[in-house]
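Participant: Once you've looked at the hints, dock chains B and C against the given chain A.
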Amino acid sequence: MNGLTGNEAVVMKNVCKDFKVLNRHEGLKGSIRDLFSRDYKTVSAVKDVSMTVNRGEIIGYLGPNGAGKSTTIKMMTGVLEPTSGEILVNGKVPYKNRTENCENIGVVFGQRSQLWWALPLVESFKLLRDIYMVPQKDYEGMIELYRSLVDLESILHKPVRQMSLGQRTLSDILAAFIHNPPVVFLDEPTIGLDVSMKAKIRELILGLNKEKNTTVILTTHDMGDVDALCRRIVIIDKGMKIYDNDIDHLKNYFGSYRTLKLKLADDTWEEMLIDEKTTDVMDVIMARQKETKIKDVKILEISTEDVIKKIYEGSSK
Amino acid sequence: MRKRGLGFYAGIYRKILIQDLKSKMSYRADFIISTIGMIMTNLAGFVTFMILFHNFPTINGWDYHHMLFLYGFSLVALTPVQCFFDNNWNLRFQVYSGDFIKYCFRPINVFFYFISEVFDVKGLGQLAFGIGTIVYAWIKIGIPLTPLVIAKLIVFLLTASLFMIALMNFAAATCFWLKGSGYVMVIMFRFKDFAKYPASIFQGIFSVIFTFIIPIAFIAYYPSLVILTPDNVPLLSWISPLFGILFFYLSYKFWMLGVRKYDFTGS
Amino acid sequence: MNLKRLLSLTRVGIMSSLQFRLGTFVTLFANLIYLVLVYYLWKAIYASSGTDVVNGMTFSDTMIYLILATALFNFLENFVVWDMSRSIQSGKIALDLLKPMRFRKYTFWSYTGNHVVQFVLTFIPTFIIVMIVTKGAINLGLNLLWFIIATVLALVINYNIEMMVAPICLFTESTWGINIVKETIVLLLSGASIPLAFFPEKARMIVQYLPFRAVYDIPLSMLLGKSGSDTWQGLVSLFGLQLIWLAVLTIAGNIFWNCAVKKVTVNGG
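From first to last, the protein sequence lines stand for chains A, B and C. Take 1 as the starting number for the first sequence in the working numbering and just add one per residue. Take 318 as the starting number for the second sequence in the working numbering and just add one per residue. Take 585 as the starting number for the third sequence in the working numbering and just add one per residue.
Honestly, the hints are just simulated from the structure, not real lab data. The reader is advised that the hints may include incorrect statements.
Cross-link-like lysine-lysine pairs, in silico, BS3-like; alpha carbons within 25 Å at most [unchecked claim]:
| no. | chain 1 | residue 1 | chain 2 | residue 2 |
| --- | --- | --- | --- | --- |
| 1 | A | Lys126 | B | Lys339 |
| 2 | B | Lys509 | A | Lys198 |
| 3 | B | Lys509 | B | Lys570 |
Selected chain B positions facing chain C (Cβ under 7 Å, derived; list incomplete) [as the list claims (entries may be wrong)]:
| no. | residue |
| --- | --- |
| 4 | Met342 |
| 5 | Ile350 |
| 6 | Gly354 |
| 7 | Met357 |
| 8 | Asn359 |
| 9 | Phe370 |
| 10 | His371 |
| 11 | Asn372 |
| 12 | Phe373 |
| 13 | Ile518 |
| 14 | Gly521 |
| 15 | Phe523 |
So these bits of chain B aren't anywhere near chain A, every CB distance computed over 12 Å [as the list claims (entries may be wrong)]:
| no. | residue |
| --- | --- |
| 16 | Lys339 |
| 17 | Val364 |
| 18 | Asn377 |
| 19 | Ile425 |
| 20 | Ile448 |
| 21 | Val472 |
| 22 | Pro547 |
Quick reminder that beta carbons are idealized off the backbone N, C-alpha and C, glycines included.
Isolated chain A (complex conformation) (with noise of 0.2 Å):
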């Protein structure tokens, strides 16, 4: 690929990726017509997707289910090939080099332990640090920082098998740094954990990036580790990619925007999205007034959460 300024972590160029799925049938009936059947369609999962995704970024990678988030991710590592376009991670086409590609990724999904459950997280560390030739100075290295960022001790020789959710997810996140690789994936990290948790989740992971200059791709459906971590998002529906660009261009574009909340005479809270280009939030309170009593009045800048379902809103039509 030409134009490279040789910064970048990861490069798609019109990735597609078509899945080929037969055609069922409904019913009982169906069911045994489809014994036979030969009726197959092709499913574009990723339709022409580029982006290009610099070292030490940590980008979210957001979209609502089976957009095509998982599909890319699994591109990325090398364990799909795409069915046309390029991609390039840390130089090299992952899929016709998975072992070489696997030495330079870590990847985290979501709830699947890659952990080995029976043994204690230190022996699966001991292990990784093998398969990946960590030189042993590294390997301490990395686990002093791991100490600095962590409460190490509580979970370092429990079985992976005894530990919380929670805990298996910091394991994780921890098994997949331990090579120092320069891009991390982390598919869906907090998905199922409680809020202090999820603050030592992202935590950890800003910690990381800023320590070893990691690239993090990010997928979520969690706004608030979007907030918490990501200075860029990229967005992708129906497998395009709708958006891409700074956060806070993000907040610029639909800045004028504002939540207002109104508390009701029934103490209920009532909420509207409204455009303050266009329409004057006093004027929408005073109309208001004039048909029901207002005890209370909010006026929120608008979150990351509602900019999105704006976005996704504006795809679909």
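Facilitator: For chains B and C alone, kept in the frame of chain A given last:
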């Protein structure tokens, strides 16, 4: 790229094995139940065998002790597949649930990584049972005991194991293409019960099928002839080690092809 | 609990079994191969024995018995123990217990769909092949009806045996061990791997009164008109044996299951 050779893999396997054994020790109840299960299957197999011979004195010209030798031979040959390749039984569950993908994120051979995860101690009980049977039949038949014969025995036992491992690899890997392929493994595993009978019972086209396509005849019959009938060893017995390596290699390639073809759509 | 709701579980089961289309054909094919193996083995065994009838069984009797036993095995096979152990290990069992239906009942009816598919895809073709190959050696009369009734009873007995074993998974993770012990005992003592007629006299006396026989040996004996099933008295005593075991195992299974569930609730799932 740094090279990961045989020594590297042996080292990793040894470490995983030690850790695995350590953790197994802490689950005594599981271990005892598995061991009982193993003893029960072997006893049941033995009882079936005895009942058969209670009714029929010979099978296809093979008398009780020769059959016993073949039986013991097949038990020992089945040990490696039990001990080292047991994780194949979990393959389809991991593939359907999507958990299999984790094996693709490490810079090591996927097949090795997957298989190395489980070591099954209970197979060792079967090994003891099989060796006991071989020794007993050995004495009764009166096979001379020389270092050469022992060396042959070991080589051809390993050969026989290769066939069984390869068969189970093939059967397990079908899950990459077929949903609901569990039954393929179950029936393949049941095919092995026929390994302990002389393959000369098959005729015509089926003799070819059970020799070259589903090589049940190689799980015990052909390799054991080297020991049992030293004056009259068929060519197939002599070339069985080469054939075994080839068959294992093909099964490995098939397994890896499955990994490549699979689209990991499991949620 | 109305039947319609239960039958809808059967219907969903049939549909999900058929989803595995290629798998279905492979299963069919693998079964045929297995039958070929059984055929050659017993042909050789009878050829070496020198006589045509051993313990009252001719070669074709033995073949029909074993082939249909295999077909019956495939038809009856379910993965209750495996499924339960996985749902215990993943914690899904807690959800299953919340379903608005008694768990044992729910599971049973969920498996029926698979049994129906197996019956159509493996048992009936096997039966037809046997009929053609043996040129109608199986008498087609009332014995078919007795066989079908006995098979349904066998299905329920088998399910109850499974349900007796499955809760052991709450206490250990060695599902393999539990399953293999169960399978080995059932297959050997039910006469599925070797006809009970070949058992030595004393062993046969004991095995005759165990529940396992009710799963394979009794339905097959009825089909083939053996074990006295060609007389009314014989028929009554065989059905009686099945019904007694059915009652005993259902009650015992219920008690055992309830104790096990208590343990789940105590441990918080």
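Participant: How about Gly521/B: closest beta carbon in chain C under 7 Å, or not?
Facilitator: The hint is violated - Gly521/B has no Cβ within 7 Å of chain C, the shortest such distance being about 10 Å.
Participant: Would you say Ile448/B is clear of chain A, with no C-beta pair closer than or equal to 12 Å?
Facilitator: Per Cβ check, Ile448/B is outside 12 Å of chain A; nearest 29 Å; holds.
Participant: Does the CB of Ile350/B sit less than 7 Å away from some CB of chain C?
Facilitator: Interface hint status for Ile350/B: holds (4 Å vs cutoff 7 Å).
Participant: For the restraint on Gly354/B, tell me whether the closest CB of chain C is nearer than 7 Å.
Facilitator: The hint holds - Gly354/B has a Cβ within 7 Å of chain C, the shortest such distance being about 4 Å.
Participant: Does Met342/B pass the interface check with chain C, least Cβ-Cβ distance below 7 Å?
Facilitator: Interface hint status for Met342/B: violated (14 Å vs cutoff 7 Å).
Participant: Regarding the pair Lys126/A and Lys339/B, is the alpha-carbon distance no greater than 25 Å?
Facilitator: holds, 15 Å
Participant: Double-check Ile518/B for me: the hint is only fine if its C-beta lies closer than 7 Å to a C-beta in chain C.
Facilitator: This hint holds: Ile518/B lies near chain C, its Cβ roughly 4 Å from the closest one there, short of 7 Å.
Participant: Under the criterion of a CB-CB separation shorter than 7 Å, is Phe373/B in contact with chain C as hinted?
Facilitator: At about 5 Å, which falls below the 7 Å cut-off, the nearest Cβ of chain C leaves the hint on Phe373/B intact, so it holds.
Participant: Does Ile425/B sit more than 12 Å from chain A, CB to CB?
Facilitator: violated, 6 Å
Participant: Checking one constraint from the list: CA of Lys509/B to CA of Lys570/B, max 25 Å. Satisfied?
Facilitator: Measuring from Cα to Cα gives roughly 22 Å; hence the hint holds.
Participant: Quick one: work out the minimum CB distance from Pro547/B to chain A and report holds if it exceeds 12 Å, violated otherwise.
Facilitator: holds, 46 Å
Participant: Under 7 Å is the threshold here; is the Cβ of Met357/B close enough to any Cβ of chain C for the hint to stand?
Facilitator: Nearest chain C Cβ about 5 Å off; hint holds.
When each numbered hint is compared with the structure, violations occur for hints 2, 4, 8, 9, 14, 16, 19.
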